[in-house]
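Asker: Listed below, chain by chain, are the residues.
There are 2 protein chains.
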Amino acid sequence: MEYQLLNQIRGPEDVKRVPAEQLPQLCAEIRDCLIQTVSKTGGHLASNLGVVELTVALHRSFSSPQDAILFDVGHQCYTHKLLTGRADRFSTLRQEGGLSGFMRPDESEHDPFITGHSSNAISAAYGIYKAKTLRGEAGTAVAVVGDGALTGGMAYEALNNAGSGKSNFIIVLNDNKMSISRNVGALARYLNLIRTRPSYHRFKLRLEHALGHVPLIGKQVRRSLFRSKTMLKNAIYHSNIFEGFGFNYLGPVDGHNIEKLENLFEIAREQNRPALIHVLTVKGKGYSFAENSPKHYHGVSPFDAEEGMDVDATKESFSSVAGETLCELAKDDPTVCAVTAAMTSGTGLSDFAATYKPRFFDVGIAEAHAVTFSAGLASAGMRPYFVVYSSFLQRGYDQVLHDAAIAHYPLTLCIDRAGIVGDDGETHQGVFDAAFLSTIPGMEIYSPTYYDELRHLLRTKKTLCAIRYPRGAQPTPPADFAPCDDAFTCFEREGKKAIVTYGRLVANALDAARRLPDVTVVKLNRIHPLDEALIALLRDFSDVYFFEEGIRSGGIAEQLAALLYASGAGCRSRIYAIPDVFVPAMPVERALRRYRLDADSMVEIVSGTSHG
Amino acid sequence: MEYQLLNQIRGPEDVKRVPAEQLPQLCAEIRDCLIQTVSKTGGHLASNLGVVELTVALHRSFSSPQDAILFDVGHQCYTHKLLTGRADRFSTLRQEGGLSGFMRPDESEHDPFITGHSSNAISAAYGIYKAKTLRGEAGTAVAVVGDGALTGGMAYEALNNAGSGKSNFIIVLNDNKMSISRNVGALARYLNLIRTRPSYHRFKLRLEHALGHVPLIGKQVRRSLFRSKTMLKNAIYHSNIFEGFGFNYLGPVDGHNIEKLENLFEIAREQNRPALIHVLTVKGKGYSFAENSPKHYHGVSPFDAEEGMDVDATKESFSSVAGETLCELAKDDPTVCAVTAAMTSGTGLSDFAATYKPRFFDVGIAEAHAVTFSAGLASAGMRPYFVVYSSFLQRGYDQVLHDAAIAHYPLTLCIDRAGIVGDDGETHQGVFDAAFLSTIPGMEIYSPTYYDELRHLLRTKKTLCAIRYPRGAQPTPPADFAPCDDAFTCFEREGKKAIVTYGRLVANALDAARRLPDVTVVKLNRIHPLDEALIALLRDFSDVYFFEEGIRSGGIAEQLAALLYASGAGCRSRIYAIPDVFVPAMPVERALRRYRLDADSMVEIVSGTSHG
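Chains as they are written, first to last, in the numbering used here: chain A, 425 to 1036; chain B, 425 to 1036.
The set of hints was computed from the structure by calculation and includes no laboratory data. Wrong hints could be hidden among the right ones.
In this list, chains with the same sequence are indistinguishable; a pair is considered to hold if it fits within one copy or across any two.
Below, a list of computed lysine-lysine pairs in the DSSO-like style, where the Cα atoms sit at most 27 Å apart [unchecked claim]: (1) LYS684 - LYS440; (2) LYS755 - LYS590; (3) LYS755 - LYS781; (4) LYS781 - LYS590; (5) LYS601 - LYS590.
One chain only, chain A, in its complex shape (with noise of 0.2 Å):
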């Protein structure tokens, strides 16, 4: 694409060179590279098209990478990828090989960090301002935090830690009034009631002035108002959470006018306090299908730019296949709450949001109190079902483990996107709660295969336990499937080898076999713990093959080979699964092939044309 001024654009140096007059078009360019490139590239649209001047007014004040700018939940960074050396591969983003949708410190020495889950950016951009302190190195860090991402309580962490010293630390609140969900709680109603003031050092300045003017009569009444003026002062100081926490609060300003942005990036990088600068921006900015529905444009499959995407479209999956048991589930029995940090839509709970709105609870990104709120819930006589993809479930592991597994709280994990997740890459991959659930003393974990299985786990387990099921569509069943309660159920016994598998693989396993003479599927319904009569039937193969799509290390098929080995089977085992890598972006399909756990590879090791 010829874009006259983006083409141009090198590096920041670049972007400091473009006179004023000219921004308008260079934005305009880069907000037409983004919707043509995530229109067929897919990706995060409404986000990025949000922070476009500001992106612009950051590269201008400040130098990257001498100055370190880090953008919390790295979605945000396409526009900071495009003016740093990175626009001729755009149109490669989150594609095998190509660009990371995130920020990736081997792509560029633009990127500081890598930046996928929430509300990371403060902690890991004040440990480089520090580095930059202690090594005598010039330059600072600059973090920029979406509103949403102030809902994670990592951040607050971060905030207690980087406003207690002098320093010229900054953060950039880039508050669109949303996060991926609407925005949530308490802290949405703050900022709005700070969106409605003027700017507020303007206010703080009117207001000293007119404490000034104060007229002090009478000595009772003299020490009475003293005392209330330096109180007020001490108020006006501190009036706001930011400057609770030791912040230089400047603010709110349009995050579209480059001009005012850079001005307030000029004071605070003067002072010898960390400046925290509130940003207003709208998400979606310029492309009107984005404006008007932020949230269907927040993460995208490719769509016709001129169109806009079919927002009504809703295809089934395991997403919408859960949301609608928890609304049966809900309609029958009044205990039942369903919870989410952030993910209404994307966990397929939009329906059940609205129709039972008082048993439904968008926390924020939060995950750690998710988790301990659903166990509040659940010790209290309800039945909380967590629903939280996988890859965000990390974030609550000591919770699963202290407050809910401790007590044995019937507590329901519904954990979406497990397994591999495709193009957002390393940062997503759902590839490790099998293994670190299982660590986890009275966990009960489940990975159906097909949506009866979903429906029917939902439906009838009761005590705490994990149910896990990737994203997109499930497999065709086998004609006749249906759902059993047993831990593991054994297709079409035959022959002297079996493929042990669980979730999704099943299904690559049952293709396989049908290739294959001999060979019975072991498919496994309850993950952990590991059944007993699974060994007394396993032990009785010559061979027994295990393909999981999760991490090696710590996984159930170890956990499997090694109650194998201990029974004294003397059958050999191999196992295939995710070894010690972070797997990258590429399609589902691609990566299942790359870590042998389609079917041609399981027919290849079966059948002994390849032995891996």
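We have chain A already, so just place chain B on it with the hints.
Answerer: The following block gives chain B in isolation, referenced to the frame of chain A:
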């Protein structure tokens, strides 16, 4: 012990019946009981002495269990236990089979939730509150939270969630100006600011009154002042972090004045808005030794109640060796940093903190931030060591995986209290870290048995790794023992049986081997990833016994067994580890015996007198 008033208290109803004039005597009896008991049993003293009046007032104003009262970091709940029917068993505190040192629902209906790890009580209490509301039950929920707990991000996630609705949910902020170490960060300074104000609601009333008397002269001035007044009122009503989060802030109030506390509790429960009551207490109150040195009386071993403890005694331990070694490293290398999450003293970092202040970071009870902040330091050229208790690192699992491991930053996790911890019981066992860390690609894990190994590892390991060691002192090293860089060490190879283990169990194994003929001890130095040469060595044995002081499921022994099995080794193998349970409070030696990890059990098992 005969206590005139305390002995008559069978439950909260009896607390309500005590005439106000006898309350000082009741509190004195409680204090005496706390000091006498804890000096014998060990436990948490200073924090409990600080909340005697507060707990009495809570039980006079609220009606447990109808009103759920949760103490965050349950170790401040001793008075609560004394007042809720457990005074007669109080001498069994933290003893095997006795009262837990934390809240335990299985111990009493007055303990609504397990609170061992910090900062979880608001989340749990709000869940309980919502459950009560949805079920139409009477009563409310009260979370009693220390100022230290407010450095944990989870507390803010909960504030954000709980502050957004109408409710009479109540948080009591027990502000003793210190968490475990002296409190740190911006919030501590902020609390100090609001502490110095007179009672806050009086302040607000007076300000409103004063504002009513600002003269309004001239249209222009009037309009300007009117706007200022509106903004000012907003500022006053939200001039506090907690009001920013939607809470009605009440206080500060003297936490040793029962009458005042009861008054504020009445105000709070009658409002239809969540309330936060700021209570000022003195840690160690009423016991001069503890008041003067609350840090040393935080968690204590048995001591002489009349003489106080010897606070200068510092025994050599893994913690002290780690602290000393990090000081030595910092002396030679200006990039070495130490990070702690509110555990300066417990992790042996006091000298480091004093000597290398600019490179020492106590970030508060904020493990998630600590990991990512450390990763930020590492990403920008520093050498951070995050020293943390095993059990608390569970809070940072996602951050180790996402923020440190994907980019593979050179961060060293120094994991103290790894393995069984003894009297703190279920909530604090360090038996999960080896399993959950080993799921993370690229993570190296070491488990030294002796101080010299710990020193060697801290000096030589410069990539992302974890070095884990138990509470307390080393076992006596074998003569001529020297640390080595090999992944494992094979002691005195002989016979066809091998014991494989790591960490402090190596001493038990060597002891057992001395009593057994023909047994080889294989000590794992690096426990993850496991070494190919190790498999080659082990496959020649007829019997391999794994002993692991860690959770079995997903642990190192299972991983090793799976590798050995896949290698086609014909040897028999058995795993002895922590089974699928939470280890209750008991002395370490007894726990090791229970799970058959002591030398006697090893002898029995390997010699065939037992096959457990």
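Asker: Take the hints in turn and mark each one as holding or not.
Answerer: So, going through the hints one by one against the coordinates:
no. : hint            : in the structure
1   : LYS684 - LYS440 : within (15 Å within a copy, 61 Å between copies)
2   : LYS755 - LYS590 : between (55 Å within a copy, 25 Å between copies)
3   : LYS755 - LYS781 : within (12 Å within a copy, 59 Å between copies)
4   : LYS781 - LYS590 : between (45 Å within a copy, 15 Å between copies)
5   : LYS601 - LYS590 : between (30 Å within a copy, 22 Å between copies)
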